[in-house]
Amino acid sequence: MSKSIQRELTIPNRSEELFNARKFVKGFIDDSPAIDKTNGNRLTLAIDEALANIVEHAESMIQNSDIEISLQLMADDKQFEAVIRDTAVRFDPTNMADVNLEQHLRSGKNGGLGVFLMRQIMDKVSYTYEEGSVNELRLVKFL
Amino acid sequence: MSNFSLTTEDKGDGIFVLKVAGYLDAHTFEEFDNAINDLYDADNYKIIVDMQDVDYISSAGCGVFIGALGTAMENGGNIVPAAPSENVREVFDLLGLGQVLTIVDSVEDAIKEISAES
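Sequences listed follow chains A and B, in order.
Counting with our numbering, you get residues 1 to 143 for the letters of the first sequence.
Counting with our numbering, you get residues 1 to 118 for the letters of the second sequence.
Keep in mind the hints are simulated off the structure, nothing from the lab.
Check before you lean on any hint, since a few could be wrong.
Distance condition first, Cα-Cα at most 25 angstroms in a straight line; then the derived SDA-like pairs of lysine to any residue [what the hints assert, rightly or not]:
| id | chain 1 | residue 1 | chain 2 | residue 2 |
| --- | --- | --- | --- | --- |
| 1 | A | Lys109 | B | Asp109 |
| 2 | A | Lys109 | B | Lys19 |
| 3 | A | Lys26 | A | Glu56 |
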């Protein structure tokens with residue numbers, strides 16, 4: 001990546017921290033000339049959804065109540081990339097089925113929307129798990 | 001962090017307006033969900049959500065609409081989002097919510113819409 005910028009933030013796994021994470025992402029995007037406003041709003045949303053999923057799954061596990069989530073952002077004139085790492089319960093969002101809105105409506109179910117949005121917005125969503133320790137989610141958008 | 005507020009207004013004829021302001025995300029959606037359920041508990045199913053002052057919505061906020069719409073319709077009501085900003089409307093569009101929700105430009109339009117369904 002030429003003329004790339006890179007920043008990192010670490011947050012506790014609490015939903016009230018999502019506001020701060022979005023503020024951090026917005027600040028990064030404002031300093032990234034290759035990212036326009038529409039893309040910036042969408043990228044902020046995709047990252048918020050990824051973080052919210054981790055918080056939700058971590059909160060469901062008592063032993064994960066004190067975990068931290070790290071967010072690393074990189075961008076140049078060609079692509080934006082976010083790498084999110086956590087040590088919560090193993091959770092692969094790329095395995096989730098696509099959302100069927102009609103079915104959701106009939107069942108009153110509303111899960112899976114965040115992963116659907118991530119897929120809609122990003123060009124690549126990939127997940128790896130380091131045995132016994134770290135979930136890593138990588139989101140890439142070509143600019 | 002107080003970046004969210006919610007007020008309920010009785011418009012008469014069984015129509016209620018929930019005015020939501022701030023950030024409707026994974027941290028605040030439950031408050032919104034609870035407000036809708038409080039209206040349901042009192043047998044009120046015609047709900048307008050005034051979104052003029054919603055700065056941000058994520059899938060958690062959108063999910064409240066999807067989760068609640070079926071109950072409203074089964075009871076002869078509806079949930080109508082009114083006056084969403086361009087940012088909020090874009091999230092609705094990304095999720096395809098226009099297929100299942102009637103999204104209108106103002107609370108006045110929402111009152112007309114929900115009254116016409118009676």
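ask   = Given the hint that A/Lys109 pairs with B/Asp109, does the C-alpha gap stay at or below 25 angstroms?
value = Violated, because 28 angstroms separates the two Cα atoms, which is more than 25 angstroms.
inquiry  = So if I understand the rule, the pair passes when the alpha-carbon distance is 25 angstroms or less; does A/Lys26 with A/Glu56 pass?
reply    = Holds. A/Lys26 to A/Glu56 sits at ~22 angstroms (cutoff 25 angstroms).
ask   = When you check the alpha-carbon spacing of A/Lys109 and B/Lys19, does it fall within 25 angstroms?
value = Within the cut-off at roughly 24 angstroms; holds.
When each numbered hint is compared with the structure, a violation occurs for hint 1 only.
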